[in-house]
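Undergrad: For the sequence shown, UniProt numbering assigns the number 1 to the initial residue and increments by one for each residue that follows.
Careful: at least some of the hints might be erroneous.
As the list claims (entries may be wrong) - In silico DSSO-like pairs for lysine-lysine, Cα to Cα no more than 27 Å straight-line:
#	residue 1	residue 2
1	Lys49	Lys117
2	Lys46	Lys99
3	Lys99	Lys117
4	Lys54	Lys40
5	Lys54	Lys117
As the list claims (entries may be wrong) - Computed beta-carbon distance windows for the label pairs:
#	residue 1	residue 2	range
6	Asp110	Ser207	17 to 23 Å
7	Leu131	Glu78	55 to 61 Å
8	Gly73	Ser207	20 to 26 Å
9	Ile220	Leu186	23 to 29 Å
10	Tyr143	Glu211	35 to 41 Å
11	Lys54	Asp204	17 to 23 Å
12	Arg75	Ile10	48 to 54 Å
13	Glu211	Leu186	35 to 41 Å
14	Tyr143	Gln222	49 to 55 Å
Since the hints were made in silico from the structure, they are not lab data.
Only a predicted model underlies this, so the values are computations on that prediction, with no experimental measurement involved.
Note that the Cβ used here is the ideal one computed from N, Cα and C, for glycine as well.
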Amino acid sequence: MDISTDMSFISLIAEASLVVQLVMLILVMISLASWATIFKKWAVLKRTKQQADKFEEEFWSGGDLNTLFQRAGMRRNEAGPLERIFEAGMSEFLRARDKKGLTDYSLIIDGSRRAMKAAFQRENEILERNLPFLASAGSVSPYIGLFGTVWGIMHAFVGLANVQQATLASVAPGIAEALIATAIGLFAAIPAVVAYNRYANDIDRLSTQFESFVEEFLNILQRQH
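Whenever a hint applies, use it, and build me the whole structure from the sequences.
TA: What follows is the structure in structure tokens.
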């Protein structure tokens, strides 16, 4: 390759060694998958936050719990995680309260607590879905890019064995195309790491909101006795 003819980004990629090209392809695929996950997770968390705030507003508006429970059952497919947690606890509370022979009210409350805890765990697992992929993409991509860079530089210096006089012009293209792999690796890693930290923090805040609601709802149920 003649450095004076073409050192464009596309040409460097096109004339890179096969291993470096494969590394770049893997990194591009990781980057595309990361961005798809980022946008999808952003939409899910935004919708979940809106649903939780809306349900809490309905819950604390002073409406009847049975009415809220019936409404949650009617729109089960459209309900948010917090509403499903409420439905699980209320359903268990009504079932245990109407059960013959069960007179210990603390057992009824404890059953509602376990039902909501199980529902909370399920909803939390759904919210955390695909987060490990972002973490893996953010941590692995730089090393994949570094591998491509090391391989490309090694390939460039091996090529110098067939050159009688080594010059910057003869080695620069090989090094440049190798460094592109590192750049693509960072391009794939940085958004994934930033999104992972942001979404993990958002999920923690939602979890805290859910846990607070569970405790407050249990206090209301205890006062029903």
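Undergrad: Could you work out which earlier hints the structure fails to respect and list their numbers in ascending sequence?
TA: Hints 2, 7 and 9 are the ones this structure does not satisfy, whereas the remaining hints hold.
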